[in-house]
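Participant: Use the sequences and the hints to build the structure in full.
Residue numbers (numbering that gives the first Met the number 0), protein chains in the order written: chain V, 0 to 362; chain L, 0 to 86.
Some hints could be false.
What the hints assert, rightly or not - As a list, the in silico DMTMM-like pairs of lysine to aspartate or glutamate whose alpha-carbon atoms are at most 25 angstroms apart: (1) L:K11 with V:E291; (2) V:K62 with L:D83; (3) V:K132 with V:E354; (4) V:K313 with L:D65.
Just so you know, the hints here were simulated from the structure itself, not pulled from any lab data.
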Amino acid sequence: MKQNYYIFSSGKLIRKENTLYFEPGESCEPQEIQTSEESIEVEDQTISESDNDNSEPKRLPRKPIPVEDIDSIYCFGELRFNTKFLNYLAQKEIILHLFNYYGYYTSSFYPREPYVSGKLLIEQVKNYLDPEKRINIAQKFILGAAENIKKNLQYYNVREKDLSYFINTIEEQITKISNSKDVQELMGIEGNIRSNYYIAWNLIINKEINFEKREKHPPTNPVNALISFGNSLVYTTVLSEIYKTQLNPLISFLHEPGERRFSLSLDVAEIFKPLLSDRIIFSLLNKNQINEKHFSSELNKCYLTEEGRKIFLKEFDDKLKTTIKHRQLKKSVSYRHLIRLECYKIIKHLLGEKEYKPFIIWW
Amino acid sequence: MYVIIVYDAVPKRGLKLLKYLRQHLNWVQNSVFEGELTESEFERIKHGIKEIVNEKQDSVIYYVFDSQNYHERGIIGIERNEIDTFI
Chain V
0 MKQNYYIFSS
10 GKLIRKENTL
20 YFEPGESCEP
30 QEIQTSEESI
40 EVEDQTISES
50 DNDNSEPKRL
60 PRKPIPVEDI
70 DSIYCFGELR
80 FNTKFLNYLA
90 QKEIILHLFN
100 YYGYYTSSFY
110 PREPYVSGKL
120 LIEQVKNYLD
130 PEKRINIAQK
140 FILGAAENIK
150 KNLQYYNVRE
160 KDLSYFINTI
170 EEQITKISNS
180 KDVQELMGIE
190 GNIRSNYYIA
200 WNLIINKEIN
210 FEKREKHPPT
220 NPVNALISFG
230 NSLVYTTVLS
240 EIYKTQLNPL
250 ISFLHEPGER
260 RFSLSLDVAE
270 IFKPLLSDRI
280 IFSLLNKNQI
290 NEKHFSSELN
300 KCYLTEEGRK
310 IFLKEFDDKL
320 KTTIKHRQLK
330 KSVSYRHLIR
340 LECYKIIKHL
350 LGEKEYKPFI
360 IWW
Chain L
0 MYVIIVYDAV
10 PKRGLKLLKY
20 LRQHLNWVQN
30 SVFEGELTES
40 EFERIKHGIK
50 EIVNEKQDSV
60 IYYVFDSQNY
70 HERGIIGIER
80 NEIDTFI
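Facilitator: Set out below in structure tokens:
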């Protein structure tokens, strides 16, 4: 049962005794050079003092992390690590996701692919190059996203909120998906669906949120900040799952390949955003688990504080572990595993074994 | 499944067990480990333990629970190492 580990504290990650240790401490490099220069000039007394410091360094408690238990590591704090550590991560096929001070996803340490398949890569490229095949797959992603968005709205519709107008408009848009001719047109439809969906958020969330439109780089209001953070988590989770399959994360169908980051993760993430991050945002705001004090805004941008990020991540982690009874497989699968199954379905489609059907929430 | 492993071994092999188990489970107290495992992982760990211990002198005991929901865990005194994926 591998798990995600989230590191907020600053310190050091090291490899020791064939497992990983977290050693809390200062984030900045110790300033060694300065003190050594000074100590030469000063008399014996100070040297013996500094010697004393060296012989009895403050031993901070190291925390062992069971290496076999790690799926991916998320770094939010300021951490230090060395090549020995990274080599060990690569050996154990662990992905390290890095986030900056504002909680914005910056990069991943993506170890050498353990599962590669030349045959699948060729099929992936072929499917991308053929406009007809490409649009076919891209449509599936949008269809999945739209259907899941509709499910979210229907869920709140029965709870004393009238969202029928939005549901109808989205249904109208869904019929257009299969007729779209190119990716640009498809993206336009997706934009329409999302803008409708986001207006509905004002009704779903029992708070004055004044949520008008989606803004990124940087987000300017709390809801946008939550969406940005949530989406980057879904994106990294999908990337971690793609890593465990033979798919190449660079070749995508809906988003332009190589345009930004690992674009195939962006494609697949579309389907899971409504299920994972959007639902968390609704419940966090409606239950007042996250409120104004969890955001800090400066210079017209708004981002989650560390406290806020922790609350969100806790929910996200629980969400990934939530299990449902899978209809076809006839066994319990976690939300995280659903993402992997989605990758397998895409592989089958690319290899021409079985037509891909996007995951749509069925409960 | 949720597994608790406790061991009693001569110091040399005790240290080996400590290092080995730290790779797979959460250390909670001297010679006590616990954690969530799949069945195959558990089999692998049992095999690894057998490689380390001398079955005539050492003793390793494990407790297996179907799920973490079916047992209650309490602490009296200090918690030596909090099990958490948020660090």
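Participant: If a hint holds in the structure, say so; if it doesn't, say that too.
Facilitator: A quick look at each hint next to the structure:
Distance check on the hinted pair: K11 of chain L and E291 of chain V sit about 55 angstroms apart at the alpha-carbon level, beyond 25 angstroms; violated. Restraint check for K62 of chain V and D83 of chain L: satisfied, since their Cα atoms lie roughly 11 angstroms apart, inside the 25 angstroms limit. About 11 angstroms separates the Cα atoms of K132 of chain V and E354 of chain V, which keeps this hinted pair within 25 angstroms; it holds. The hinted pair formed by K313 of chain V and D65 of chain L meets the criterion: a straight-line CA distance of about 24 angstroms does not exceed 25 angstroms.
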